[in-house]
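Each chain, letter by letter, is given below.
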Amino acid sequence: MDALIDKLKGEIIEQLNLEDLKKEDIDANAPLFGEGLGLDSIDALELIVLLEKNYGIKIQDPKDAKAIFTSIQTMADYIKANQK
Amino acid sequence: MSDQNYITSFCSIKSSKVCINSHIDYSESSQVSSIDFLKSAYKHYQLAYPKFYKMDSLCKLALITSDLLLKTNKITENYNKEEIAIVIANSVSSLETDVEYQTTIDKNNYFPSPTVFVYTLPNILLGEIAIRNGIKGENTFFVFDKFDAGFMSSYINSLLNNSRAKCCITGWVDFYENKVESFLYTVEKQPGIMNIEHTSEQLTKLYTNQ
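Chains as they are written, first to last, in my numbering: chain A, 250 to 333; chain B, 17 to 226.
Check before you lean on any hint, since a few could be wrong.
Below are the SDA-like pairs computed for lysine to any residue, each with C-alpha atoms no more than 25 Å apart in a straight line [stated by the list, open to error]: (1) B/K59 <-> A/Q309; (2) A/K271 <-> B/L63; (3) A/K256 <-> A/F282.
With the C-beta cut set under 8 Å, the calculated list includes, among others, these residues of chain B facing chain A [as the list claims (entries may be wrong)]: (4) P66; (5) Y69; (6) K70; (7) F127; (8) S129; (9) P130; (10) T131; (11) V134.
No lab work stands behind these hints: they were computed from the structure.
In this text, all values refer to a predicted model and were calculated from it rather than measured experimentally.
All C-beta atoms in this analysis are idealised placements derived from N, C-alpha and C, irrespective of residue type, glycine included.
Here chain A stands alone, though its shape is the one from the complex (with noise of 0.2 Å):
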């Protein structure tokens, strides 16, 4: 499970352009969205495009997507759950 959350923070960093953050800045528990790295509606869809890009999952239905991206470490166990 370290190994996908530190693959998720790498995945993460250079999908959304997150240049100035280093995986080490990242806390696999905090809030994605809002105070936490402050990630936008944009950031959502582009988070929703990387888990079908990168691990083939395709969120069905879209009212999964809070809980699914509320921080990585939720988003590594929804990936974990899922992945074929």
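Based on these hints, arrange chain B on the given structure of chain A.
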């Protein structure tokens, strides 16, 4: 009131050089890539804007140039935000980002990037400048073959002389492959830090000397 308007400050970025009101304020070796130069200038001036790294190159260039312009001429403190217009033009629209977006919609590797997509219009840079500075006046973007001093001076003078704005941030911002240059200036009803009449002839001279 006179119909004469004045260029009161200007800033340009070209060939790895930042010029503010005609003096070179920051430069690097011309060997450095345009995007690396912009990141280096951003750090040098400590512009501190969380969205900077998320922007496309065209917006990065516009944001740095406008930030430096507004640091030297604090029009956002001297005018109501509704009184400041932004009118900018370029020759390549958002082509740099359009090409990048196209690579994400290849039919064999179809993952359209929302982040890239939002920058596939050149006028987004007007919004970035407006959001950064809270500016709420008229904003317009034009695409021309080359910088058209006659049109720009006429259009901006009309805005100010018809009370559609009291001040304008205007100029040229181009970013595509090796065609990278910005030249932004402020126009006001009265002389400011600089005192150049806003006419086609003066503007042509100023642009050519950048």
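To see whether the hints hold, each was checked on the structure:
1. B/K59 <-> A/Q309: Distance of about 42 Å is beyond 25 Å: violated.
2. A/K271 <-> B/L63: holds (20 Å)
3. A/K256 <-> A/F282: Holds. A/K256 to A/F282 sits at ~19 Å (cutoff 25 Å).
4. P66: holds (6 Å)
5. Y69: This interface hint holds because 4 Å falls under the 8 Å limit.
6. K70: holds (5 Å)
7. F127: Given a least distance of 4 Å, the restraint on B/F127 holds.
8. S129: holds (6 Å)
9. P130: holds (4 Å)
10. T131: B/T131 check passes; min Cβ-Cβ to chain A is 5 Å, inside 8 Å.
11. V134: holds (6 Å)
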